Structures are given as C-alpha cells and as structure tokens.
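Top line first, the protein sequences correspond to chains A and B. Residue numbering for the first sequence is 1 to 288, as defined by this note's numbering. Residue numbering for the second sequence is 1 to 120, as defined by this note's numbering.
Please keep in mind that the hints were generated in silico from the structure rather than gathered at the bench. Mixed in with the good hints, there may be bad ones.
The calculated lysine-lysine pairs, modelled on DSSO-like cross-linking and capped at a C-alpha distance of 30 Å, are [what the hints assert, rightly or not]:
#1 A:K138 x A:K119
#2 B:K86 x B:K117
#3 A:K138 x B:K86
#4 A:K138 x B:K70
#5 A:K204 x B:K70
#6 A:K138 x B:K105
#7 A:K278 x A:K119
#8 B:K105 x B:K86
#9 B:K86 x B:K112
Some chain A residues judged to face chain B by a derived CB distance under 10 Å, without partners named [said to hold, decoys possible]:
#10 I4
#11 H98
#12 P149
#13 S151
#14 G153
#15 S155
As the structure is a computational prediction, the values presented were derived from the model and not from experiment. Where is the CB? At the ideal position from N, CA and C, for every residue including glycine.
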Amino acid sequence: MNDINDNEIRVIGGDGGGVKKRIPWWVWVVAGITVASIVFWVLFQKPQDGETPSQSEEPVLHADTPIETEAPDIWLDNTDASLPCATFMSDTLIDSIHLQIYIPYNATPELHVGPLSSKDPDIILATLAADLRRDNGKIVGAFVLAGEPLSWGLSKKGYCAIIDGRVTLGMAENSPLFEQATEQGGYFFRQYPSVVNGVMVENKPENASFRRALCNLDGKLCIIGCTDRVLMNDFSQALARLGVSDAILLVGGTADGWYRDAEGNMSPIATSTARNAKYINYIVFRKQ
Amino acid sequence: MSEYLVISTSIDLMRVSSEDIVYVSSDGNYSSFVFTYGDSRVVTVQLGQVERMLAEQLTHSGADFIRIGKSLIINRNYISYINLPKQQLVLSDGHATSHNLSASKEALKQLKELIEKELK
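Same shape as in the complex, but just chain B:
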C-alpha cells in the first residue's frame, strides 16, 4: 500500500505518493521535488525539513530515501547507475526520462557500498 507525503504551508498543500518521488533537491530555503511522471514542484520548505517529514510520515517507505550531502535526497528504488570518476548518479524508473545527477565522489562511494552491502 502506498504511503503519502504531505507538505502543507500557509498557502498550499502537496500530497504525493512516496513511490512517485524520484528525488528532491535543495535550492536554498526551497526544495524541488521531481516526480516519476516527469513533473516537478518547488515547495517553500528546506531540504532538512523535507528529510524530517519523510522520516516521520513514511513509516514503511521512509528508508527508501537517502540523503546525499547537503542538497539531495533520492529514492533508492530509482538508482540505475553510479559512476565514481564521473561523479555521476543516474536515477530512472526504467520507463520515463532518466535523471542525471552529480554528487561528491565520497558520497557516491558510500552509496555504492551501501547498495552492494544490501545484496549480501
């Protein structure tokens, strides 16, 4: 059963299934959500608050999300490619457009090790 993340501000409310979130990036005091259906939405909430809401609201699927550095939260279900030398992280659901992101080598190395560790 899908879990929903709800972000409510003084002027609007966003309700989205956790499965539809590909990643969230930080833009200062704002956070930009990118969804599987190709849409994106900016909310007036800092990335740290998004992280807290994901942890609090998503009892089961919260662990699907990984904070990478200061400016990125990704849904691990959409990780399709990691390249350390190129500092490249590609997220894709296998159908729609893939998302080419960048992160530090050290963070990507830890992400790679985390995924490898979970295979064992």
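Next comes chain A alone, as it looks inside the complex:
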C-alpha cells in the first residue's frame, strides 16, 4: 500500500487514489531543480588530491536501522556465591562522562507497576523502566507484567524481556518475546535502544539530561547512569566504549531509583522525585 499522511483518505478496494490530494505543480518544479542540482554536483565534484572518503571513526547504528535478527538470548549471570545479595556500585570516566555502574548480585529481575517503597528490604535495586505518556499517563510502547499485557505499540525499538529469569536486551520492530512473555508469565517493555552488539545506536537528538540505561556488561545485567547532563547519543557512545554489548535506555532525568549495598544501606541513584502515577513502572531486583 502507498504511504498516506494524516490529511488524506483512501478507499480500500477502490481505485485507491481518487481521494488523495494532488501534488501542486510547483512541487514538481522544485523537485526537478533539486534533482538536476544533485546530478550536476555528483558529476562535476572532483575529490581533492590526497582526499579520502570521510569515514566515521566508529561504527554507528541508527535507530531506524532494520535489525533482521533477534539479539542473542544471553543468560546474564549475576549470581556469585561468594557475594551477598546486594548491589555493588563502581564508577569510571569515559569521554569525560562520569558513569556509575550498579551491578545487582544474587537477585531476581522483574517489572513492577505502581508506587514502590524504597523501604522494602527485599529490593536491592530499582529504577523506573518504561516512559509514561503525558496525555493519558499510560505506558509508552508494549509492556507485559507477569504475563499480562498492559500496553501495546511500538514507539521505541529497544526492548527488554524477562522470561523464566532469562533476560534479553535487543532492538527490533517486532519481537516474538512479547508473545512469549505473555504466554509464559514473563515481563517485557520497550525503550530507546542504546547499544546493540557493542555498537552504539544513534537516536534522534534530545536535550542533555541525566541518562540511565539497562546494560549487558561482560555478561552481567547492570544499570549504568551518569552524574552529569549529557546528550543521549554521547551517553550511548560512552557505554559502547566502556564495553557494554547491549543496552536500552531507561527513564532518565530525576527518575526515581535506589539501590541497597552489602550492608543493607539504601542509597538513591540520583536526586530523585518519586511519583504516584497509576502506571509508574520499575525494573526491580528482588532477593531470591
């Protein structure tokens, strides 16, 4: 089917084009001049001596890049018998961006919808997951909570699926993991993709903000945040350079989030603002 914009209608099964708006003559003239200019430029533009075609320093995926294959179903093993059930925080500096890395050990990841208390001693790490729509407060993009689909739709191509304890991070327009999560009592949500197979994903530019992402770092599921306001693409680039193989962004800014260390002390991930929206949702790591 031909593309259609919001100001057009089309009778299905008819001739299909009778009702579409005609393209004004001047559009054809402008298009013709543009095409002629491009052809002229391509034919007569010679490279300077010694000039080589420009190449970006590092590979970059774009958010609209079609990903045909699903991300590998990697078992992110955050179990370590030598460690307590707690979150270990470390930090590093990549491209002048101060990153804080939160790795939860010996805990079970799941999603939670509704207000959440930071006083719950069984939670060792929690942070907001999917965005909420400003107009109606509902969840943006597909979302499955313990097998129950709460939201459908694709506005962001990154996804996280948690099925039978297996966590998959990836980027795809259609993921069978949404259906699998529904059938098997799992969890699924969508967010902006950040890193796929070690390559940063370039998203539409947004204002600088505090960023947070759910990442696969050396086979461990972790949350990485930054302490300064940075552009989304700069943050993704820093994650890729850190060695993150797959990542999706989480709600950033002053989003609610906290962790519990080995001594049981609770600390906020950022200067956060707790919200009581009906569909506010978290990715939570609970004691096993």
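Given the coordinates of chain A, work out where chain B should sit on it, guided by the hints.
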C-alpha cells in the same frame, strides 16, 4: 452474503465478518479492531497490513472500508456524523454504542465530500 476477514499470526487466528468491523485503529505495530457487538481485539499486525488484507480478502465489501490518515480504517456503513470544526467523526450502527473518533480537518473534509459525491 457476508465476507470474512481472516488474520492469522504465529500464535492465533481471527476470523470476523466484514459487517461486524466498525473501525480499526493503529497502535504502533499493533492494530485494534472494534466490533459492532461492543467487543474489541488487538492483533499483532500493522495497520498497513490490515489495509492490504481488507483489499485482498474482501472482494465485494473491501470498498466499504476507508483509510483515514496513518492511524485509522473505518467501515463507511457506520458513519453517522462528521463535524469539521470539532474534527469529530461518529460511527454508529444505530443500535449499539456509538464511537466518537477524531481525525484531521482535511481528512474529514475529503470524507464528507466523498459521501456527498456518492449521493449524486
């Protein structure tokens, strides 16, 4: 005689009479069917694919359906009211609940003209 639309995915199949479809709205990669009997169903198929299936499967009643913009397909048999300034489109079968939808002024203007043209 009724024609049926069949949408089959890897996990389910939906078979519905074309007369029972009031409208289909887009929700990203999913489409939501609203039926005359008050029920609705979400399928994991994009609206463009629904449009193609309607055209291919409904030989006679395919032309009952009109795509309006990027996110809506309506059954023209249930159009009961169009208001351009309010950008309002009401679909109703005259018995069950009516459905209050919204579309761009330009699209509704074209829809209004289409219906007026068919009267002549």
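Hint check results:
1. Between K138 of chain A and K119 of chain A the CA atoms are separated by roughly 26 Å; this keeps the pair inside 30 Å, and the hint holds.
2. Annotation: proposed proximity of K86 of chain B to K117 of chain B holds, straight-line Cα distance about 22 Å (limit 30 Å).
3. For the hint pairing K138 of chain A with K86 of chain B, the CA-to-CA distance comes to about 25 Å; that is within 30 Å, so the pair holds.
4. A threshold of 30 Å between alpha carbons decides the hint, and for K138 of chain A with K70 of chain B the separation of about 21 Å falls inside it, so the pair holds.
5. As the CA atoms of K204 of chain A and K70 of chain B are separated by approximately 21 Å, the hinted pair is consistent with the 30 Å bound.
6. A distance of roughly 27 Å separates the Cα atoms of K138 of chain A and K105 of chain B; the hinted pair therefore holds under the 30 Å criterion.
7. For the suggested pair K278 of chain A and K119 of chain A, the alpha carbons sit about 20 Å apart, so the restraint of at most 30 Å is met.
8. Between K105 of chain B and K86 of chain B, the direct Cα distance comes to roughly 8 Å. Compliance with the 30 Å bound is thereby established for this hinted pair.
9. Taking the CA atoms of K86 of chain B and K112 of chain B, the gap is about 14 Å. The hint holds against a cut of 30 Å.
10. Using the Cβ-Cβ criterion of 10 Å, the hint placing I4 of chain A at the interface with chain B is satisfied: the shortest such distance is roughly 6 Å.
11. Hint status for H98 of chain A: violated, given a least beta-carbon distance of 35 Å to chain B, over 10 Å.
12. About 8 Å separates the beta-carbon of P149 of chain A from the nearest beta-carbon of chain B, less than 10 Å, and the hint is met.
13. The interface hint given for S151 of chain A is met, as the beta carbon of that residue sits about 9 Å from the closest beta carbon of chain B, less than 10 Å.
14. With a cut of 10 Å, the hint placing G153 of chain A at the interface with chain B holds, because the nearest CB-to-CB distance is about 3 Å.
15. Checking S155 of chain A against chain B by beta carbon gives a least distance of about 6 Å; that is within 10 Å, so the hint holds.
Violated hints amount to a single one, hint 11; each of the other numbered hints is respected by the structure.
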